Structures are given as structure tokens and as C-alpha cells.
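Student: Read off the chains here:
There are 4 protein chains.
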Amino acid sequence: MRYRLISLHPALAQACDARLSSAGHEPAGGLGDADALVVGIGAPDLGSALLDVDERAWEETIGRARTAFAAVRDLARALIEREASGRVVVVVDPPVLRAAERTGLTAVAGAFLSTIAEVAAVDLGPRGIAVNVVVAGWMAPAPPALAGGVPLGRLADPDEVASACAFLVSPDQAAYVNGATLAVDGGWFVTKAEGGNPLTSGA
Amino acid sequence: MRYRLISLHPALAQACDARLSSAGHEPAGGLGDADALVVGIGAPDLGSALLDVDERAWEETIGRARTAFAAVRDLARALIEREASGRVVVVVDPPVLRAAERTGLTAVAGAFLSTIAEVAAVDLGPRGIAVNVVVAGWMAPAPPALAGGVPLGRLADPDEVASACAFLVSPDQAAYVNGATLAVDGGWFVTKAEGGNPLTSGA
Amino acid sequence: MRYRLISLHPALAQACDARLSSAGHEPAGGLGDADALVVGIGAPDLGSALLDVDERAWEETIGRARTAFAAVRDLARALIEREASGRVVVVVDPPVLRAAERTGLTAVAGAFLSTIAEVAAVDLGPRGIAVNVVVAGWMAPAPPALAGGVPLGRLADPDEVASACAFLVSPDQAAYVNGATLAVDGGWFVTKAEGGNPLTSGA
Amino acid sequence: MRYRLISLHPALAQACDARLSSAGHEPAGGLGDADALVVGIGAPDLGSALLDVDERAWEETIGRARTAFAAVRDLARALIEREASGRVVVVVDPPVLRAAERTGLTAVAGAFLSTIAEVAAVDLGPRGIAVNVVVAGWMAPAPPALAGGVPLGRLADPDEVASACAFLVSPDQAAYVNGATLAVDGGWFVTKAEGGNPLTSGA
Numbered sequence: 001m002r003y004r005l006i007s008l009h010p011a012l013a014q015a016c017d018a019r020l021s022s023a024g025h026e027p028a029g030g031l032g033d034a035d036a037l038v039v040g041i042g043a044p045d046l047g048s049a050l051l052d053v054d055e056r057a058w059e060e061t062i063g064r065a066r067t068a069f070a071a072v073r074d075l076a077r078a079l080i081e082r083e084a085s086g087r088v089v090v091v092v093d094p095p096v097l098r099a100a101e102r103t104g105l106t107a108v109a110g111a112f113l114s115t116i117a118e119v120a121a122v123d124l125g126p127r128g129i130a131v132n133v134v135v136a137g138w139m140a141p142a143p144p145a146l147a148g149g150v151p152l153g154r155l156a157d158p159d160e161v162a163s164a165c166a167f168l169v170s171p172d173q174a175a176y177v178n179g180a181t182l183a184v185d186g187g188w189f190v191t192k193a194e195g196g197n198p199l200t201s202g203a
Numbered sequence: 001m002r003y004r005l006i007s008l009h010p011a012l013a014q015a016c017d018a019r020l021s022s023a024g025h026e027p028a029g030g031l032g033d034a035d036a037l038v039v040g041i042g043a044p045d046l047g048s049a050l051l052d053v054d055e056r057a058w059e060e061t062i063g064r065a066r067t068a069f070a071a072v073r074d075l076a077r078a079l080i081e082r083e084a085s086g087r088v089v090v091v092v093d094p095p096v097l098r099a100a101e102r103t104g105l106t107a108v109a110g111a112f113l114s115t116i117a118e119v120a121a122v123d124l125g126p127r128g129i130a131v132n133v134v135v136a137g138w139m140a141p142a143p144p145a146l147a148g149g150v151p152l153g154r155l156a157d158p159d160e161v162a163s164a165c166a167f168l169v170s171p172d173q174a175a176y177v178n179g180a181t182l183a184v185d186g187g188w189f190v191t192k193a194e195g196g197n198p199l200t201s202g203a
Numbered sequence: 001m002r003y004r005l006i007s008l009h010p011a012l013a014q015a016c017d018a019r020l021s022s023a024g025h026e027p028a029g030g031l032g033d034a035d036a037l038v039v040g041i042g043a044p045d046l047g048s049a050l051l052d053v054d055e056r057a058w059e060e061t062i063g064r065a066r067t068a069f070a071a072v073r074d075l076a077r078a079l080i081e082r083e084a085s086g087r088v089v090v091v092v093d094p095p096v097l098r099a100a101e102r103t104g105l106t107a108v109a110g111a112f113l114s115t116i117a118e119v120a121a122v123d124l125g126p127r128g129i130a131v132n133v134v135v136a137g138w139m140a141p142a143p144p145a146l147a148g149g150v151p152l153g154r155l156a157d158p159d160e161v162a163s164a165c166a167f168l169v170s171p172d173q174a175a176y177v178n179g180a181t182l183a184v185d186g187g188w189f190v191t192k193a194e195g196g197n198p199l200t201s202g203a
Numbered sequence: 001m002r003y004r005l006i007s008l009h010p011a012l013a014q015a016c017d018a019r020l021s022s023a024g025h026e027p028a029g030g031l032g033d034a035d036a037l038v039v040g041i042g043a044p045d046l047g048s049a050l051l052d053v054d055e056r057a058w059e060e061t062i063g064r065a066r067t068a069f070a071a072v073r074d075l076a077r078a079l080i081e082r083e084a085s086g087r088v089v090v091v092v093d094p095p096v097l098r099a100a101e102r103t104g105l106t107a108v109a110g111a112f113l114s115t116i117a118e119v120a121a122v123d124l125g126p127r128g129i130a131v132n133v134v135v136a137g138w139m140a141p142a143p144p145a146l147a148g149g150v151p152l153g154r155l156a157d158p159d160e161v162a163s164a165c166a167f168l169v170s171p172d173q174a175a176y177v178n179g180a181t182l183a184v185d186g187g188w189f190v191t192k193a194e195g196g197n198p199l200t201s202g203a
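Line by line, the protein sequences give chains A, B, C and D.
Just so we're aligned: the first sequence equals residues 1 to 203 in UniProt numbering.
Just so we're aligned: the second sequence equals residues 1 to 203 in UniProt numbering.
Just so we're aligned: the third sequence equals residues 1 to 203 in UniProt numbering.
Just so we're aligned: the fourth sequence equals residues 1 to 203 in UniProt numbering.
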């Protein structure tokens with residue numbers, strides 16, 4: 001496959017290049033000749049209290065979502081014109097899965113992108129284009145203390161997120177995976193580990 | 001409570017007025033003196049294939065989401081300034097919960113709004129402002145054939161959606177309900193009834 | 001409506017009686033002449049590490065789930081025989097929604113019951129029997145420290161959970177609500193408030 | 001890794017053996033010397049109307065869930081005793097994700113197992129044991145007509161489900177994946193494709 005990486009954190013982009021190259025894929029010159037796309041929302045620095053969201057923050061968030069959306073749509077149009085099949089991976093940050101104080105626009109942007117991915121999976125699946133979501137776990141420079149809330153007890157390495165992207169890009173490994181969301185978060189989403197067992201911790 | 005209704009389908013707005021009035025609430029002059037807000041995304045006419053989403057459709061969707069977001073934020077600011085508590089209900093269409101072909105932007109707008117509601121529930125809850133989501137079931141003018149996929153066998157009456165909004169607005173009935181999503185859809189979301197039982201229908 | 005309450009925590013049962021009575025409903029003599037059922041899983045004392053689950057804990061959990069399941073099925077059979085419509089509310093504890101350390105069997109029992117509720121909503125909806133789920137927020141004797149993780153900043157009062165049950169039992173208020181899950185948890189589920197904002201808390 | 005396969009459909013077990021062998025893993029003699037486990041719920045023949053669930057069907061379902069649960073627990077105990085890390089994949093059928101008429105106990109068993117998996121991910125993650133869920137798409141002998149509801153337009157091949165299991169078993173590929181649910185269903189879950197676009201199909 002020839003792939004494009006768009007709006008990924010630099011460390012993740014580097015790791016994706018490494019994983020995809022070692023799996024025999026190569027970078028495409030542009031969306032027009034790509035078979036695969038891994039697209040994110042850019043840097044995860046959008047946290048702010050809902051009450052403080054102003055014009056600039058809103059425009060920035062919408063602009064990033066639009067860039068990602070346009071990349072999916074434009075790859076799809078090019079693939080259809082070339083009568084080719086393809087694979088798209090949308091990478092979102094953990095807050096898409098659960099609200100946390102003052103993460104407002106990151107959560108919103110993530111929900112936006114993951115919903116676009118699900119809609120795309122339904123609309124484009126019949127044309128041989130699979131679209132899936134990877135929820136990237138907390139990676140540096142996220143604060144190390146976050147590891148305390150992760151059952152695996154540590155933050156993610158970019159390579160670990162990249163290997164999930166490579167899996168979903170692979171027609172050999174993931175041919176029937178479409179419209180799926182794969183969390184690569186060490187179990188962060190399914191736990192409330194910080195609080196211990198609410199049924200017994202006060203006993 | 002003094003309430004505001006913003007961007008609801010006309011039939012739903014009328015039904016909300018009736019339910020809220022009969023519960024003793026009254027319309028506010030503006031967000032500045034309101035205690036409660038029921039806000040939607042406008043008419044559900046945004047369906048289109050992802051590939052056909054153009055500038056105009058995108059701007060229309062974003063514009064509606066922004067109107068709803070700004071209403072939530074502005075009510076919250078006014079309430080905090082007045083040191084008052086309040087209640088917000090965000091109304092979204094069913095596609096927020098499950099993608100269907102060619103419903104692209106409606107689904108995206110719904111995900112946008114419901115995520116904003118969850119973030120708002122977390123950010124504003126500590127200030128005494130509860131925020132919840134109602135998923136409005138299919139109502140006329142939705143095609144009657146949709147009733148075939150609803151376990152209750154019929155479309156929703158606007159009054160049935162309005163009564164859920166009135167419940168969530170009520171400090172007596174829903175004081176501890178915050179960050180919740182209440183589907184008023186007859187069971188449409190949890191079923192795939194059209195297809196019968198996939199395990200036995202071919203037998 | 002004539003209602004039955006089965007396997008609810010005593011304080012919640014008392015609050016349900018009060019709410020349902022004041023709404024004009026009355027207790028039924030048995031499932032055979034009831035129109036409505038509010039059924040839970042019993043006391044929330046099943047917490048234990050997965051590794052420690054033994055024969056006794058397993059049987060206890062399964063037994064509770066079976067009691068609840070049988071109540072739903074038996075009410076449905078009675079209603080169908082009487083050609084009557086009816087309403088069922090299944091009450092589960094918060095861990096159904098998110099795993100926490102050492103809550104193993106409570107979570108499993110909750111998932112069991114809420115899935116039975118969804119299946120029942122689909123199977124029984126066409127016969128005029130609506131089935132919904134209430135996720136009961138943390139109430140005493142849960143440890144008061146749990147309130148720190150709830151956006152509303154306090155535990156639930158049993159009356160607040162009961163009012164949601166009364167809403168879902170009411171044919172006037174919730175006629176089109178079927179297969180829905182209504183969390184009455186103050187926003188506990190949608191937040192990770194203990195950890196603050198993971199995007200900025202380390203800055 | 002030395003792996004055990006328990007309660008998988010025969011075609012899936014065969015495909016898992018092939019994928020895992022070609023990835024360099026080998027069968028273990030028993031749970032006591034295994035590093036990895038892929039465990040299912042047995043044959044997907046549990047469909048029945050809720051009203052018809054009798055003693056035998058209930059016992060059969062619970063028995064299968066218990067077998068799977070015990071396998072996860074016993075592997076965990078053995079790994080901990082050997083001070084080894086390990087990986088578990090729980091395979092469930094699609095109804096876990098969405099109720100369909102008359103699939104009652106299959107859905108319940110699936111919810112049971114996937115909740116056990118999430119609880120296990122939280123409890124066992126800190127000990128180096130990752131637990132994840134694969135939702136196996138519809139495979140033969142499911143009725144071919146089901147393919148109409150799948151965006152990819154066809155049923156799953158057992159090898160396609162097996163490759164997801166192999167991914168999740170691989171410490172190289174999925175080291176940070178824990179508590180995740182990966183649907184290998186062609187997009188079936190996220191669509192209501194049979195009904196077309198509810199917003200425009202009546203126009």
C-alpha cells in the first residue's frame with residue numbers, strides 16, 4: 001500500500017513510518033495516489049474549560065476537524081475514480097471516550113472525527129474502502145502521573161499506537177475490520193482505578 | 001423555572017411549551033434570565049452521502065452546532081453570574097447513536113452536541129448546572145415506514161419527547177440526573193428488528 | 001398501575017413506594033396482577049477480585065440475576081395472558097457502566113441484567129411492554145469519599161433514583177421510552193474528575 | 001507464546017491455529033503452561049424468545065459463561081504463580097453489541113463474557129496480563145442474507161477473525177492494548193443499512 005500520514009503528533013508519525021515501512025508499505029506522493037491514510041487531529045493541546053471557549057479556540061478545533069474530514073473525503077474520491085480499494089485509520093485522543101474536566105474541545109473534536117469515521121465506514125464500505133478508529137493512549141509529553149490510572153501502569157510508547165495503525169491498514173490482517181474503534185490505552189478507558197473499589201474502599 | 005427553547009423542530013417546541021407550562025414553568029425573556037434551556041440542532045435535513053458533503057453543507061452543520069454550543073455556554077455564564085443553578089437539555093436526532101447511509105452530517109452534528117453536553121455536565125455540574133441529552137425518536141415528517149424498525153411499532157409523538165425534556169428540566173424529578181443520555185425512541189437503537197433473528201432467520 | 005418491587009435495596013424500595021403512591025399507583029398482590037415491575041439485583045456487596053471469585057460468590061451472583069430475569073419473564077407472561085400492556089424498570093449499580101478494581105461480580109451481574117432488559121425491550125415492545133434500565137448512583141452506605149468523583153459533588157438520595165423509576169413507569173410520561181438506559185449518577189459515569197484534566201494537570 | 005483455544009467454533013479454532021502457528025506461537029499442553037488464551041462461548045445457537053427461555057436454556061447459557069470465566073481465572077492464577085505475563089482474547093458473537101429479536105441468551109452470554117473481560121483487564125493488567133475482546137462477525141453457517149446488512153457486503157471468513165485474535169495475542173503488536181473491544185464485523189454494528197437513510201428514504 002502507498003500511505004499518507006496527516007496531522008499526527010510527530011512522534012507518532014515517525015513510529016507509523018517505521019511500522020508501515022517494515023510491513024512493506026511506502027509513502028505516497030499525495031492523496032491522489034495513496035491507498036491508505038492515517039489521519040489525526042494534531043497536537044492535543046485544546047484543553048480548556050467550556051466556559052472559556054472563545055472564537056479562536058472554536059475556529060482552531062473546527063479547522064482541525066475539517067482538515068481531517070477533507071482528507072478522508074478526498075482520498076475516497078480519488079480511490080473511487082481510480083476504481084481502487086483502500087483503508088483509512090482515524091486517530092483520536094482518549095477524551096473522545098470519556099469527558100474529563102476542562103478537556104472540552106479535545107473531546108468534541110474527537111467525537112467529531114470518530115463519528116465521521118463511522119459514517120465513512122458505512123458510506124464507503126460498499127466501495128471497498130474500510131475506515132476505522134484508533135484511540136491513542138496517553139503518550140509523552142502527557143504527565144507521567146497519568147500512568148497511575150492505567151491498569152498496565154505506564155504511558156504508551158508511540159510504536160505501540162503505530163502498530164495498531166499498521167494492523168488496521170493491512171489488507172492481510174484487517175480485511176473485515178470496518179467501522180471499528182480500537183483503544184490502545186492500556187485499559188485506561190474501562191477503569192476507574194484511581195478510586196479503588198467504590199464498594200469496599202470506605203469499609 | 002424560566003426556560004428557553006432554541007433550535008427545536010416547531011412541533012417539538014410547541015409540545016415542550018405545553019409540557020413545561022403545565023408543570024408550572026414559564027418562558028424566559030432571554031438566556032440572561034433563564035434557569036433552563038432545551039436546545040436542538042434544527043431541522044433534520046442534513047442527510048447526504050459523505051462524498052457529497054460540500055462547503056455549504058459543512059458550514060450549515062457547523063453553524064448549527066455552534067449556535068447550540070453558544071447557547072449552553074452563554075446560559076452557564078449568566079447562571080454563574082447570578083449565582084443560580086440551572087438545567088440544560090440537549091436534543092439530538094437518532095443518528096447520533098448509530099450511523100446510517102447518507103446521514104453523514106446529521107450524525108456528526110449529533111455527536112458534536114452530545115459530546116458538548118457531556119463535557120458541560122462535567123465542567124458545570126460542580127456549579128449546580130446539570131446538562132443532559134435527549135435522543136428524540138423518529139417523528140413525522142419522518143417516513144412512516146421507519147415504524148417497522150421500532151419495537152413499539154410506531155413513530156414518536158412530539159409530546160412524548162417533550163415529556164422527557166420536562167422530566168430532565170424538573171429539579172424535583174431529575175435533581176441527580178447529570179451527564180445522562182435518555183433515548184426516547186421506542187427501542188429503535190437497541191434493535192435490528194428489520195433483519196429478524198440473524199441466528200435463526202435463515203433456518 | 002399496580003406495581004411490584006423486587007430485590008431493591010430497602011431504602012430504594014421505600015422511596016419507590018413513596019414516589020409511586022404519590023403518582024397514584026398502588027402495590028400489586030403479586031406479579032400475576034401487576035402492570036409494572038421495578039427489579040434490582042439486591043445488595044451491592046459482591047465486590048471481589050476476579051482471582052478470588054469462588055463457587056459461592058458465583059452461585060450468589062447467578063442466583064440474583066436469575067431471580068431478576070425470572071421476574072421480568074413471568075410478568076411478561078402474565079401480561080400477555082391478560083392481554084395487558086405493562087412497564088418494567090431494571091435497576092443496576094454503577095459498575096455496570098465501567099469496570100473498577102475488585103468489583104468483578106457486581107459489574108457482571110449488572111451487565112447481565114441490563115442486557116436482559118435490552119433484549120426484553122426488543123422482544124416485548126411489540127406486545128406493549130416497555131422495558132428500561134436505571135443506573136442507580138452511589139447512595140449511602142457507599143463511602144462518602146465517592147462524592148469527590150461525582151460532578152454534582154454528593155451521593156444520591158434514594159428518592160432521586162426512585163423518581164427516575166417513577167418516570168419510567170408512568171405511561172403518561174414515558175410512553176415512548178423503551179430499551180433506554182437512564183443514569184441517575186450525578187455525572188459520575190462521564191467523568192474522570194479525580195484525575196483532573198489529563199492534558200494540563202502536569203503543566 | 002504457548003496458547004490454548006477454548007470453546008471456539010471449529011472453523012475459527014482451525015483458523016486461529018493457522019494464524020498463531022504462522023506467527024511462531026505453539027499450542028500449550030494445558031492452561032498451566034500457557035501464556036495466551038483465546039476463549040469463546042461455543043456454538044451460536046442460543047437464540048430464543050425471552051418468553052421461551054426455560055430451565056435448560058438458562059443452564060446451558062450459564063454453563064458456557066462459567067466455563068469461559070473459569071478458563072480466564074485459572075490461566076491468570078497459573079501465570080501469577082509462574083510470575084509470567086500473558087494475553088487473553090475473549091471472542092463473542094455480534095449480538096453482544098445490539099439486541100435483535102429472539103437472540104436473548106446469546107446476547108446475555110456475550111454481555112456476560114465481555115464484562116468479565118473488562119473486569120479482568122482492570123484486575124489483571126497490573127500483573128502483566130492483558131485481556132481483550134474480539135466481536136466475531138457473522139460467518140457461515142449464518143444465513144447468507146445477513147451480508148446485506150454489512151457495509152462490506154459479505155460474511156466474515158474465519159481467518160479474518162483469527163487474524164484479529166493473533167494481533168491481540170502478539171506482544172509485539174498489541175502490548176499496550178488492554179480492555180479493548182475490537183469488532184471484526186465489516187461495519188455491521190455501526191450501520192442500519194437495511195433501512196437506507198431514514199431521513200430521505202421516504203422522500
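Rather than coming from a laboratory, the hints here were simulated on the basis of the structure.
Only a predicted model underlies this, so the values are computations on that prediction, with no experimental measurement involved.
From the three backbone atoms N, C-alpha and C, an ideal C-beta is built for every residue, glycine too.
There could be a bad hint or two in this list.
Covered stretches of chain D (chain A as the covering partner; in silico rule of three or more C-beta atoms under 8 Å from a C-beta of chain A) [unchecked claim]:
hint, segment
1, 116-122
2, 141-155
Calculated Cβ distances over 12 Å to all of chain A for the following chain D residues [unchecked claim]:
hint, residue
3, R4
4, P10
5, A11
6, D17
7, R19
8, S21
9, G32
10, G42
11, E59
12, E60
13, R82
14, A130
15, D159
Student: Would you mind marking each hint as holding or not holding in the structure?
Tutor: Taking the hints in turn, this is what the structure says about them:
Evaluation of the coverage hint for the segment 116-122 of chain D: fulfilled, as 3 residues show C-beta separations to chain A shorter than 8 Å, against a requirement of three. Taking a C-beta to C-beta cut-off of 8 Å, the segment 141-155 of chain D contributes 4 residues in contact with chain A, enough for the three needed, and the coverage statement holds. Every CB of chain A lies more than 12 Å from the CB of R4 (chain D), the least distance being 22 Å, so the non-interface label holds. Against chain A, the non-interface label of P10 (chain D) holds: every CB pair exceeds 12 Å, the least being about 19 Å.
The Cβ of A11 (chain D) lies farther than 12 Å from every Cβ of chain A, with a closest approach of about 14 Å, so its non-interface assignment holds. For D17 (chain D), the non-interface assignment is confirmed: its Cβ lies about 17 Å from the closest Cβ of chain A, beyond the 12 Å cut-off. Consistency note on R19 (chain D): stated as away from chain A, yet its beta-carbon is not over 12 Å from all of that chain's, at 9 Å minimum. No beta-carbon of chain A comes within 12 Å of the beta-carbon of S21 (chain D); the shortest separation is about 16 Å.
No Cβ of chain A approaches the Cβ of G32 (chain D) within 12 Å, the least distance being about 24 Å, so the stated non-interface status holds. G42 (chain D), annotated as away from the interface, keeps every beta carbon of chain A farther than 12 Å; the closest lies near 22 Å. Residue-level check passed: E59 (chain D) sits 29 Å from the nearest beta carbon of chain A, beyond 12 Å. The beta carbon of E60 (chain D) is kept farther than 12 Å from every beta carbon of chain A, the shortest such distance being approximately 28 Å.
With 12 Å as the threshold on Cβ separation, the claim that R82 (chain D) sits away from chain A holds: the shortest Cβ distance comes to roughly 19 Å. Its closest Cβ contact with chain A, about 7 Å, brings A130 (chain D) to no more than 12 Å, contrary to its assignment away from the interface. The Cβ of D159 (chain D) does not lie farther than 12 Å from every Cβ of chain A; its closest approach is about 9 Å, which violates its non-interface assignment.
The structure is inconsistent with the numbered hints 7, 14 and 15, although it conforms to all the rest.
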